[in-house]
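Could you build the full structure based on these sequences and the hints that come with them?
Residue numbers (my numbering), protein chains in the order written: chain A, 1 to 289; chain B, 1 to 804; chain C, 1 to 161.
These are calculated hints, taken from the structure and not from any lab test.
Sample of chain A residues facing chain C (criterion: CB under 8 angstroms; computed from the structure):
no.	residue
1	V5
2	N42
3	H190
Source: prediction; values computed, not measured.
Just so it is clear, CB atoms sit at the ideal spot from N, CA and C, and this is done for glycine as well.
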Amino acid sequence: MKAPVFEYAAPQSVEEALSLLGACQGESKIIAGGQSLMPLLNMRLARPDLLVDIGRIAGLDYIRDADGGLAIGAMTRQSDIERSALVAQRQPMLAAGTRFIAHPQIRNRGTIGGSISHADPAAVYPALAVALDMQIEVAGPAGHRSVDAADFFITYLTTALEPDEILVELRLPGFPPRAGWSFKEVSRRHGDFALAGVAATMEVDSSGVCSFARIVLFGVAAVPLRVEAAEQLLLGSKVEQSLFEEAGAMTSDTLDEPLSDIHASADYRRHLAGVLTRRALAEAAGRAA
Amino acid sequence: MAVDIPKSFAGLPATETKWVGRGVNRVEDPGLLTGRTEFVDNLVKPGMVHCAILRSPYAHARVISIDASKAEQLPGVVAVVSGEDARRWSNPAQTMPEGWGCYCLVVDKARFVGEPVAAVAAVNRYVAEDALELIDVEYEPLPVVAEAAAAAEAGGPLIFEDKPSNVMYQRVFNWGDVDAALARADHVFSESFRWHRLGANPMETFGVIAEWNPVDQSAVFQGSFQSQSHMGLGRAAVLGLPSHKVKMISQPHGGSFGGKGGFRGCDIAVLLSRKCGGRPVKYIEDRMEYLLAGASQAWDRHYQASLAVDNDGKVLALDVKLLDDLGATAEGFGAVSAAKPLAAFTGPYAIEVARYDLTLVATNKLPASPYRGMGPPPHNFVIEQLMDIAARELGLDAAEIRRRNYIPPEAFPYTIASGNEYDSGRYEAALDKVLEMSDYAGLRAEQARAREQGRYLGIGIASTIEPGVFDWNAYAIVGLPSTGVPEGVSVGIDILGKIYVKVGFSLEGQGQYTLACQLLADYFGVDISDIAVVYQDSHSAPPHFGPGGSRLGVAMTGAILGAAQLLKEKLIAMAAALMQTDAANLRMLDGMIGIEGVPEAQMHSAQVAATMLARSDLLPPGMDPNPECTYVWTAPGRTPADEEGRAKSYLTAANACHVVCVEVDPDTAMVEILSYYIADDCGTRLNPATVEGMTQGGVAQGVGAALLEEYVYDEEGQLLTSTFMDYLLPTINEVPMTQKAALVTPSPFTPLGAKGVGEGAIHTTPAAIMCAINDALAPLGVRAREVPASPNRLWKLMQEAKAG
Amino acid sequence: MTMQQVVKVTVNGVSYERNVEVRLTLADFLRVELGLTGTHVGCEHGVCGACTVLMNGRSVRSCLMLAVQADGAEIMTVEGLADDGRLHPIQQAFMEEHGLQCGFCTPGFLMAVYELLGSNPDPSDEEIRESLGGQICRCTGYQSIMRSVKSAAAKLAGARV
Ligand SMILES: Cc1cc2nc3c(=O)[nH]c(=O)nc-3n(C[C@H](O)[C@H](O)[C@H](O)COP(=O)(O)OP(=O)(O)OC[C@H]3O[C@@H](n4cnc5c(N)ncnc54)[C@H](O)[C@@H]3O)c2cc1C
Ligand code: FES
Ligand code: FES
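Set out below in structure tokens:
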């Protein structure tokens, strides 16, 4: 398990990185935290001609206030997000979800940009990107563009990023102060990729009626999946257990071909998606002020 | 000369034991804790090159051609070998059953995914792997045998074309008239069970540095060998060398659990060394190679079993039919694992009639290897599920049915139906202890309350035997007929009074070096730091086997006490000459040799030893001047197998009773272990901390077996679990912190009364957890019969039960 | 762009400079180039934790990093714990509580515990589990490791007052 031969460059700026990527004749790959890419290199499943290390670019590692929301640099380590007071305050679900990513030693290296670029269907951040309406800021040869998380994930390990583009920043609105949230997953062991997971947010008005709902599943399909039918069901309804059950059942029903692998069949995943949705909605409603 | 080995601490020449029997700090630890211990991959030798192996991507395929010319030309590559070299310089592996082995590199066809096809030696492993990509192999895929049941049927593709079928072995052992017992019994409970492949997975994979000496046509292997001499004999046979031309040097290894086998790794590395003129070749198996093609997989079993029980819950007969999938060849001792259950076939229960209908088949999967426990854990799982099924049907409590069937303490030594003799035990006392510790009644009450709230709590009880101190005759039924597994050590005192003991095994994790020091410190009345354990290679050490089959603690204790006693006698003879008295007047106590009743007539044993070395003129006639003695211990009283395979095989029978409480989430089917209690009895505890560690380590592996670990193959024989992302080892989050209590029922047969305990809870934990899961799910009418009980499997069972 | 590069690091307080292939992992760099073989390799894909070292004070998998990525960093490995053979309190605790058997996983555990106790001198069981959940030990069953961490915490607290 030793990586194949490749060339390596550690640019100092995004511009330099872009020109390296642009100039590369063969296949180029960005390396950020390396926590997904390095296993692939060691197994020789990834075979880039050029590896562009964006870890030495100054100013890609930050968590900042942005109009009451957050701006997070792509190279920000997952463990910094986990520990950030600002994140805990502005986006508590982002902090909570981070703890479901692997283990501290991996979060110390893994980056938010890497995780979202990698787009593992069972990963945490892609789901949170969709659930929290992240704006994905991308630098490319033709300048910057901004992609809605909803449009970013195309299929298994494939995103809207072009090979010569770099994800540079994630922008998140602030979490609505009265909203509730819940992040749940089932995995074989603590820290493993989810067999199925859900990130849910909800707002409930003073009369106990749901005024906003967002349900995003992960681990069940090639990309994070919004369950709009169940969201519609919740909107305008009085939040109570029977509603969550109905939404859970509807969630299961909307999944026509969930992923299937040695750890979980499609049917089991479909079922888990419903169970987790039901539980998450109850928790989110409980947290909504 | 057989020596009378003390059966208890009282027999040691010590006023009181200060070291043995206590959980002292281990002598192994400072080196391990500071990263100084020399695992094989730490070693660098002059001229050393690195091996990488090209492996078959097909489960069954003829190799039409191999072209390695491009690889040979890659800068940094020193040698390439393939089947041609294997055929030229080696023999196929010898196996049990006979004739199911092949060359270390494919010569005709590949029989499993990952089978070595060619190998490269290069300046480093990176370049060696680069070179593998330049080797062109043309394959002709053949139909794959991926299922045991299909393999057993006639007419399918043959894995060994010189054999009439894929059945490696088939035999029925009848111990009493099982059919009559089944016909006569009030109840017969039958069920089928499936135990999926799992395996050892020590944190260090296998590694070796092989060096061929072209001048005298000999080979030296330095690596992580569980049993160096055994491994050496195998290498000699494969290389066609006389045994004294193969030297094995065992480095400390990072765990083994039966799985530190690297037969092909050794053989391929030495072929490479030969091909490049004798340069040392290092081969370090990587984790994916280990999972795919190492000594990593064991126990792929399909059971059909019945228990004949009378109305009182007394078991009359046990009938077990096993179809065991050994994979493509028999090179990995998989058959031994199917034979070992004879050593404790009926567990702790007095079941006089039994039958074992055993079929071993070949499929296009990785050849099965040993794993801690060596076969009984699945068998115990089957027995304990049947006991619970019987209890449930008869309306008996799980504890009660076991209580009614235990072999009573007064019946020992007790010969079980399958022929082995258990030395001693108090099984009911162990049960009572664990019931008390767990507040079993309280647990049951909690379970009842939980059920009212719609929660599924389950309590599992399992009682098992751990056969300890193996003998070859335990495996007689699959072709190992001899008796006597040696463990030899030499104990001596140097000229400045420090004691050393030479042993033929290396560090593996069980703390054997510490135990050696404890024994000798007490024997000679010195501090543990005054003892050195000296590792010796296969050519230098006295006859030895090393760890395996829960034997080394007991066997080494026998060897050390034997050698110490011979040394004591020698020192006394010398002291008698010096003190001008008769040896019969002298005795040694706490290291002082003196005339009984004359306190001033004393010499320290170290002083006597130094005098032997420094003043040969004072030696009594006929005595050699070396204060060192060697003793080779073998288990006493072992018998050859009779026509039904019955033998006194394993010397000791440790026992354990576990109580575990689990909760199954009915929605997600996830299992959580809420509490875990253990009462176990391994006779005298030579080092209680070590015993505790073995037990807890066995619990962890048992949790893995019951809930997580499984090698999954698809219908093309492709392994789907070739990384640690898919082959799931338990972590600190999955393993329960257990409460443990010890009973001490010494063995009447062994040194100091100790019993083998190295395998520990792997015998019990899978059974206990499965009992608990089934107890939890009983109200749903669900019976889990497959191990591991993954959430997906449990969920499916619950769905089926709901559907009716 | 290069296939070979100079890497300068400080490991356990000692500076090293080596010209290496860029594809070399940090684990191989430490073990092969620097001869610091106390850091072990158990899986090379990030799951077992045997290769864990501290980089700039944080625990990382040395099998999931290129040596060139560590250029300029301060690394601490198991060899940096004991002082002239005197065991560090964490090592001492592991010895006394039998927190190891074969010892192959141990260097990784020690480094993870070092980081944990550095930021959290009195961790709860839950916090210990959380920080060691990615370190696999096949021998001990973790109970003695749990005891070792608590004992180490107590020893370090004792050393501080
Ligand atoms: C044992 C283990 C368990 C894990 N468990 C989980 C888990 O349970 N849940 C979970 O969510 N994750 C898990 N992960 C993945 C981990 O979170 C990774 O850190 C993450 O997926 C990738 O982030 P990285 O910074 O390490 O990216 P890298 O590995 O460096 O890169 C990943 C991919 O993204 C590309 N890339 C990286 N950064 C950028 C960028 N800025 N712009 C464009 N492309 C970029 C790379 O080219 C590469 O293709 C696990 C990893 C391991 C090793
Ligand atoms: S070797 Fe790095 S995590 Fe296993
Ligand atoms: S002590 Fe052997 S793996 Fe942990």
